[in-house]
Amino acid sequence: MKHLQLPSERRVEQTLYLFDRNPPDAGRCLSHLYEIFSRYRPNWGWCRQCFTPEEEARTRDAGDPRRATLESFAQIYFEHPNCSGGRDTFLHWLPRGLELTFLNFENDYFPMEGAMRLGLWRWPKEEQDGLRALFCSVASNWFDGGDPAPFERVTRKSGRDMDSYISARIVEALLMLRVDPFDLFSWLARANSTRARAVLVDLTIHEHLVDEAAYYVLDDATDEPLLRNGIGALDRLALDALRRIVTDGRLMRLWAWADREDRALARRIEDTEPLRMRRAFRLTATERQRDHAIIRAALA
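Numbering (my numbering), first residue to last: 1430 to 1729.
Any given hint might turn out to be false.
[To be verified] Heads up, simulated EDC-like pairs for lysine to aspartate or glutamate below, C-alpha to C-alpha not over 20 Å straight-line:
| no. | residue 1 | residue 2 |
| --- | --- | --- |
| 1 | Lys1554 | Asp1517 |
| 2 | Lys1554 | Asp1609 |
| 3 | Lys1554 | Glu1484 |
| 4 | Lys1554 | Glu1464 |
[Unchecked claim] What follows is a set of in silico ranges between Cβ atoms, one per label pair, in the way DEER data are often shown:
| no. | residue 1 | residue 2 | range |
| --- | --- | --- | --- |
| 5 | Glu1483 | Arg1725 | 43 to 53 Å |
| 6 | Asp1490 | Arg1450 | 40 to 50 Å |
| 7 | Gly1474 | Thr1498 | 46 to 56 Å |
| 8 | Glu1483 | Ala1618 | 45 to 55 Å |
| 9 | Arg1582 | Ser1460 | 35 to 45 Å |
Hints are computed from structural coordinates only; laboratory data are not their basis. Note that beta-carbon positions come from the ideal geometry of N, C-alpha and C, so glycine has one too.
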């Protein structure tokens, strides 16, 4: 594939990245992402077991990705990527797909999972940096002011439960992009935000924070074990970082405040305590070093 580099040509990739507390404007980030991925063009001659000629024609006629409707290309997300032209087709639509599906809960597709299946960590640095900048900007907008722009929010539901779901999706995307979990959770813990406080409480009962893909579509199949191991290592580092930030003492202080100021959050802290105690996870310093090394191996 044209965007891949030979191992000898790749520079040593940074393992984890600090969360950008002063990211560019989200609209600028999205425009830059369209520019980055404009090098890709869909491949045609799709699998006839999965797509009719008319369905393929609908996507072929979709036009400029910046203005395409979701209905014109969403079908590529529900079959194996190779059935609709492979990686290049997915990447051609990725910026628009993020814009229209990331918070489209009626469509029920998480585009970052598709990116992970296609070996996100092995993509060119410019592409990963562009995605990371976008999600840092989205996170700042969302946790500070409740605005998920530039993503279109499509759901019939509202309220704190839906806000928590959006928050968790944004956090998972940042983790997939290898934003340092400890730095990310530290920022959330210091944010004067109902959404930030709530997502930290909610995440403490998750068994995993970064899930492995069900399958991978890679040019070199020997990379798959390395990527799976790397994602497992990142998940452990994220769970450990969350527990180091959201300590029992911090939760007790948060509960004492919430009992006066935010009873819904106080009840959430109370209700999640049994499962949180069972899910508590910590690494030793040696285990953290080991997991960093496993991630580096997945990037080499």
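Run the distance test for Lys1554 versus Glu1464: straight-line Cα separation, threshold 20 Å. holds, 14 Å
For the pair Arg1582 and Ser1460, does the Cβ-Cβ distance stay inside 35 to 45 Å? violated, 20 Å
Is Lys1554 within 20 Å of Asp1609, Cα to Cα? At roughly 16 Å apart (the allowed maximum being 20 Å), Asp1609 and Lys1554 satisfy the hint.
Range hint 43 to 53 Å: satisfied by the CB atoms of Glu1483 and Arg1725? About 47 Å separates the Cβ atoms of Glu1483 and Arg1725, which means 43 to 53 Å holds.
Go ahead and decide if the range 45 to 55 Å is satisfied by the Cβ distance of Glu1483 to Ala1618. holds, 52 Å
Are the Cα positions of Lys1554 and Asp1517 separated by 20 Å at most? holds, 17 Å
Outcome for the supplied range 40 to 50 Å, where the beta carbon pair is Asp1490 and Arg1450: 42 Å Cβ-Cβ, so the 40 to 50 Å window holds.
Is it true that Gly1474 and Thr1498 lie within 46 to 56 Å of each other by Cβ? Taking Cβ atoms as reference, Gly1474 and Thr1498 lie about 23 Å apart, which means the hint is violated.
Regarding the pair Lys1554 and Glu1484, is the alpha-carbon distance no greater than 20 Å? Between Lys1554 and Glu1484 the Cα gap is close to 33 Å, so the pair fails against 20 Å, i.e. violated.
Going down the numbered hints, you'll see the structure goes against 3, 7 and 9, while the others check out.
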